[in-house]
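> Here is how the chains run, residue by residue.
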Amino acid sequence: GESVGLHLPTLSVQEGDNSIINCAYSNSASDYFIWYKQESGKGPQFIIDIRSNMDKRQGQRVTVLLNKTVKHLSLQIAATQPGDSAVYFCAEKFGNEKLTFGTGTRLTIIP
Amino acid sequence: DAGITQSPRHKVTETGTPVTLRCHQTENHRYMYWYRQDPGHGLRLIHYSYGVKDTDKGEVSDGYSVSRSKTEDFLLTLESATSSQTSVYFCAISESDTEAFFGQGTRLTVV
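Those protein sequence lines, which keep their order, are chains A and B.
Mapping the first sequence onto the numbering used here, position 12 (from 1) lands on 12, and the numbers just tick up by one.
Mapping the second sequence onto the numbering used here, position 31 (from 1) lands on 31, and the numbers just tick up by one.
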């Protein structure tokens, strides 16, 4: 089946800088996307979601962008902090299928 | 963690023995899920439930069974554990078939 993928498995960002985590999906029928954050030893934590009828959605310090033309999803984290260090997963849902997760990107914040 | 409790948090068992993992929620959410997380595979859905006594298979259901006799509890059973079932297991809940909230995980080692 089709799956969600990530461009980069690891990303290092200087504290205070902005970070961008990317995700590619292959199914144009996907209509719902979520970003999760997973800290070591913990379960994934919901960050933000977006539906396919939107291009952009903002939360607190985070923004998700959806480009349906190239089937690309990104998570922008503004003014990164040490607590942002984690693995970030994107997940997609299409039709009546369940959420499908990517393999994750490890974000490391450099002090 | 959105009122989700997984037990046990850690377990070591021998090949061929039965194992049951429990997920308990206090949110009265309709949907409950069991995922496994392995390096290089991200989160993969094992089974899910959309109501009491209503369950269905996920993408990696072989070797696993589930039961949901009441809204708050979702049990995952490995009838005869194998080394390939060594993994971290996550339970998740959701009110609708959209975003899911995860528990802290159960680390299972089959020796």
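Please keep in mind that the hints were generated in silico from the structure rather than gathered at the bench.
Watch out, some of these pointers could steer you wrong.
[Claimed, not checked] Here are the simulated lysine-lysine pairs, PhoX-like style, with alpha carbons at most 25 Å apart: (1) A:K68 x A:K56; (2) A:K42 x B:K53; (3) B:K53 x A:K68; (4) B:K11 x B:K57; (5) A:K98 x B:K57; (6) B:K57 x B:K70; (7) A:K71 x B:K53; (8) A:K42 x A:K98; (9) A:K56 x A:K71; (10) B:K53 x B:K70; (11) A:K56 x A:K98.
[Claimed, not checked] Covered by chain B, according to a simulated footprint, are these stretches of chain A (three or more residues, beta-carbon under 8 Å): (12) 44 to 51; (13) 97 to 109.
Glycine is no exception: its CB is placed at the ideal position from the N, C-alpha and C atoms.
> Return the numbers of the hints above that this structure violates; sort them in rising order.
2, 3, 7
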